[in-house]
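Line by line, the protein sequences are chains A and B.
Position 111 of the first sequence, counting from 1, maps to 111 under the UniProt record's numbering, and the rest follow consecutively.
Position 53 of the second sequence, counting from 1, maps to 53 under the UniProt record's numbering, and the rest follow consecutively.
Honestly, the hints are just simulated from the structure, not real lab data.
Treat each hint with caution, since some may be false.
[Claimed, not checked] Derived EDC-like pairs: lysine to aspartate or glutamate, alpha-carbon spacing no greater than 16 angstroms straight-line:
1) B:Lys3 - A:Glu53
2) B:Lys76 - B:Asp20
3) A:Lys76 - A:Glu38
4) A:Lys76 - A:Asp20
5) B:Lys76 - B:Glu53
6) B:Lys76 - B:Glu38
7) A:Lys3 - B:Glu53
8) B:Lys3 - A:Asp20
9) A:Lys3 - B:Asp32
10) A:Lys76 - A:Asp123
Number of protein chains: 2
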Amino acid sequence: MQKIPILQMGNCLLVTIQVDLQDQIAMALQEDLATRIEATGARGVLIDISALEIVDSFIGRMLADISGVARVLDAKTVVVGMQPAVAITLVELGLSLEGVSTALNVERGMRLLNAAAQEDGLDSITG
Amino acid sequence: MQKIPILQMGNCLLVTIQVDLQDQIAMALQEDLATRIEATGARGVLIDISALEIVDSFIGRMLADISGVARVLDAKTVVVGMQPAVAITLVELGLSLEGVSTALNVERGMRLLNAAAQEDGLDSITG
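With these hints in hand, go ahead and build the complete structure from the sequences.
Structure, rendered in structure tokens:
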């Protein structure tokens with residue numbers, strides 16, 4: 001089974017999604033991320049979806065779930081790199097990605113995470 | 001055709017390889033990277049291969065090619081995240097990834113790029 005790699009940079013975990021997110025892969029990713037957040041004490045999770053040409057309700061729910069799990073483990077999730085066409089389709093489908101923060105690209109996502117960390121009186125996330 | 005996303009972080013481009021690198025995808029990646037290095041003026045390229053369970057001579061040559069193209073465009077390439085089993089197989093096959101720098105993980109790869117930039121009297125790559 002394909003596994004989606006999780007990269008650590010400072011206190012931040014980075015995931016780029018390139019493959020079709022079937023049930024099993026999505027579940028495995030959620031578990032892996034939870035384990036890695038716990039093991040590394042990461043404060044932020046960046047999920048890059050620039051390779052996805054479709055974000056349907058299943059993927060939307062998965063992103064919300066990951067975000068929820070991360071939040072409970074005291075990490076903030078930002079979804080980055082959404083293609084313009086995907087954003088348009090999401091709105092047309094009436095999906096709002098509730099509870100999921102988004103940013104245009106990885107750099108802005110990191111700035112968002114750093115700003116959130118500063119608000120909490122913590123050090124910069126990206127070290 | 002599947003496209004491998006290239007993420008920019010400061011003066012550094014990050015690629016995580018998750019899919020089987022067939023000829024077309026590998027060629028497209030090489031072209032995309034060259035274009036992005038030119039467009040962004042990136043000084044470093046990190047290629048994460050932690051998801052690859054096999055690195056054969058084709059992939060080895062592709063990594064060397066990318067590294068060579070990047071070098072001509074004044075960027076340094078570091079391959080990161082190689083699985084131990086992959087390293088063992090590489091040596092057993094007599095492949096040495098000549099001309100390709102490697103590092104254990106993304107963080108060490110970035111440190112390597114920053115150290116190389118400092119030697120050249122440039123600013124930190126990861127900003």
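Verification of the hints:
1. B:Lys3 - A:Glu53: holds (11 angstroms)
2. B:Lys76 - B:Asp20: It is violated: about 24 angstroms lies between the C-alpha atoms, which goes past 16 angstroms.
3. A:Lys76 - A:Glu38: holds (13 angstroms)
4. A:Lys76 - A:Asp20: violated (24 angstroms)
5. B:Lys76 - B:Glu53: Between lysine 76 of chain B and glutamate 53 of chain B the Cα gap is close to 24 angstroms, so the pair fails against 16 angstroms, i.e. violated.
6. B:Lys76 - B:Glu38: Status holds; Cα separation ~13 angstroms.
7. A:Lys3 - B:Glu53: holds (11 angstroms)
8. B:Lys3 - A:Asp20: Roughly 12 angstroms between the alpha carbons, so the hint for lysine 3 of chain B and aspartate 20 of chain A holds.
9. A:Lys3 - B:Asp32: violated (24 angstroms)
10. A:Lys76 - A:Asp123: It holds: about 14 angstroms lies between the C-alpha atoms, which stays within 16 angstroms.
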